[in-house]
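Got chain S sorted already, so can you dock chain G onto it with the hints?
Number of protein chains: 2
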Amino acid sequence: MIDVIAFDADDTLWHNEPLYAEAQQVLAQVLSPYMDPEEVDRALYATEAQNLPYYGYGIKSFALSMVETACQVTGGKIQGEQILEIIAAAKRMLSHPVRLLGRAEETLCELAKSHRLMVITKGDLLDQSAKLARSGVAHHFTYTEVVSDKTEQTYRDLMNKHQISAERFVMVGNSLKSDILPVAALGGQAVWIPYHLTWQHETVTPHQIGGLCYYELDDISQLPGLIKQLDGSQATPNAPDGS
Amino acid sequence: MIDVIAFDADDTLWHNEPLYAEAQQVLAQVLSPYMDPEEVDRALYATEAQNLPYYGYGIKSFALSMVETACQVTGGKIQGEQILEIIAAAKRMLSHPVRLLGRAEETLCELAKSHRLMVITKGDLLDQSAKLARSGVAHHFTYTEVVSDKTEQTYRDLMNKHQISAERFVMVGNSLKSDILPVAALGGQAVWIPYHLTWQHETVTPHQIGGLCYYELDDISQLPGLIKQLDGSQATPNAPDGS
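Chains as they are written, first to last, in numbering that gives the first Met the number 0: chain S, 0 to 242; chain G, 0 to 242.
Calculated from the structure, these hints are not laboratory results.
Everything numeric in this text was worked out from a predicted model, so none of it was measured.
Fair warning: there could be bad hints in the mix.
Straight-line distance between alpha carbons at most 20 Å, and here's what the computed DMTMM-like set of lysine to aspartate or glutamate pairs gives [as the list claims (entries may be wrong)]:
| hint | chain 1 | residue 1 | chain 2 | residue 2 |
| --- | --- | --- | --- | --- |
| 1 | G | Lys160 | S | Asp156 |
| 2 | S | Lys160 | G | Asp156 |
| 3 | S | Lys76 | G | Glu84 |
| 4 | G | Lys76 | S | Glu84 |
| 5 | G | Lys76 | S | Asp156 |
| 6 | S | Lys76 | G | Glu80 |
| 7 | G | Lys227 | G | Glu84 |
| 8 | G | Lys160 | S | Glu80 |
| 9 | S | Lys160 | G | Glu144 |
| 10 | S | Lys227 | S | Glu84 |
| 11 | G | Lys160 | G | Asp2 |
Chain S on its own, in the form it takes in the complex:
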């Protein structure tokens, strides 16, 4: 029997990565006199990775890394006007309407009738809380957890806090690295629903998957069926190669 079904939010419940892609296009445009868009992407990713211990995840971190990248790749020659364009792009991200993924709302509505639901999301506290409030689906969730990272320890702490045993805990998300592998490693039920765009930092190489088992669905609307199977203990997780 499943106790709690937890959901990642960005790119699991609502579209998120396209907002980042759009802002990156602004950056690429601003830096086009200096380098190719692909080089800009690489430079930005390197800056983001370096800044992660300082800034953590989220749009404000992304904005600061965009500004820093712009200053660095231009050898300090970029001007304030162009920096303001980058900041404006980040602000558009922060006030963008929340666009739910298809069938996310009906699925949450159905599952909330039989199970306690939780959101577990990383990023800026204010931004994530505000998006949940704007999403129109906040009332389906018994618990909301904004965390600064999603590691095994994060999930262990959350299970302890809410007194949920791993085998009765389901985590649903689009990131193998953040949503699936740490939960599977703890003996929890992990359900991977890939999103068509994924941030480089969230990808994993095959050797990181080890012998861990998780479920894979094409679409969130398939989730109630899987949960019914799990409640009856009839489901068998995919092998780690996804077969």
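Okay, now just chain G, sitting in the frame of chain S:
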């Protein structure tokens, strides 16, 4: 009898405002060819206030507002090199050692023997959690709450979440606006310990204080004495004029 003693963190348990002041000096230095330091402070505060709904509180928000201010007050003429100086100042803030206020540690140690302690702090989730971890006093706290703002609703939600009644809840902090008035308005016990520097946004005008009662201490080491009185219900809050 007091159930839970909650503490603000920045400028209540550890020094914080001096880090902001130091970074603002860097900004003033960078902008010195364009305007006076006082004008820079005013422009920065105006930008911060405008950005609050987008960014919320914390160092990353402050950093983005510094960059934006620099671009604006120079009419877009500032160059990337100088922006990098501002970003470097923000990163120094994020990795700065945590410097506890005098006698904060002993006081927490003493109070933790008899009461459950809580931290309630607003700002960046990662930064606030990391500071608590670095502070060496995290083990004294039963609960840690990082919130995006500190309003009456925030405190009401936290009291509900932890099932604490207002009259058995003590909030200790340096900000009348964020730590004291909302708690006093809910019928909680609020203990104001002023810090010698206070961010403009956290100051209140006398008419906001209304008829609310709170305690005022010079130093955190006086807190155990007050808590003993409150446990015995012998204390009388100061009148709102602080007399």
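How the hints compare with the structure:
With a C-alpha separation of about 17 Å, the suggested pairing of G:Lys160 with S:Asp156 holds against the 20 Å cut-off. About 17 Å separates the Cα atoms of S:Lys160 and G:Asp156, which keeps this hinted pair within 20 Å; it holds. Annotation: proposed proximity of S:Lys76 to G:Glu84 holds, straight-line Cα distance about 14 Å (limit 20 Å). Under the criterion of a C-alpha separation no larger than 20 Å, the hint pairing G:Lys76 with S:Glu84 is consistent with the structure, at around 14 Å.
Of the supplied pair hints, the one linking G:Lys76 and S:Asp156 is violated, its CA atoms being roughly 48 Å apart against a limit of 20 Å. Between S:Lys76 and G:Glu80, the direct Cα distance comes to roughly 7 Å. Compliance with the 20 Å bound is thereby established for this hinted pair. Among the hinted pairs, G:Lys227 with G:Glu84 is inconsistent with the structure: their alpha-carbon atoms are about 49 Å apart, more than 20 Å. At roughly 46 Å between alpha-carbon atoms, G:Lys160 and S:Glu80 are farther apart than 20 Å, so this suggested pair is violated.
Distance restraint check for S:Lys160 and G:Glu144: the Cα-Cα separation of roughly 13 Å lies within the 20 Å cut-off, and the hinted pair is therefore satisfied. The hinted pair formed by S:Lys227 and S:Glu84 fails the criterion: a straight-line CA distance of about 49 Å is larger than 20 Å. Pair hint G:Lys160 plus G:Asp2 holds up; C-alpha atoms about 14 Å apart against a cutoff of 20 Å.
This entry does not satisfy hints 5, 7, 8 and 10, going by the numbered hints stated previously.
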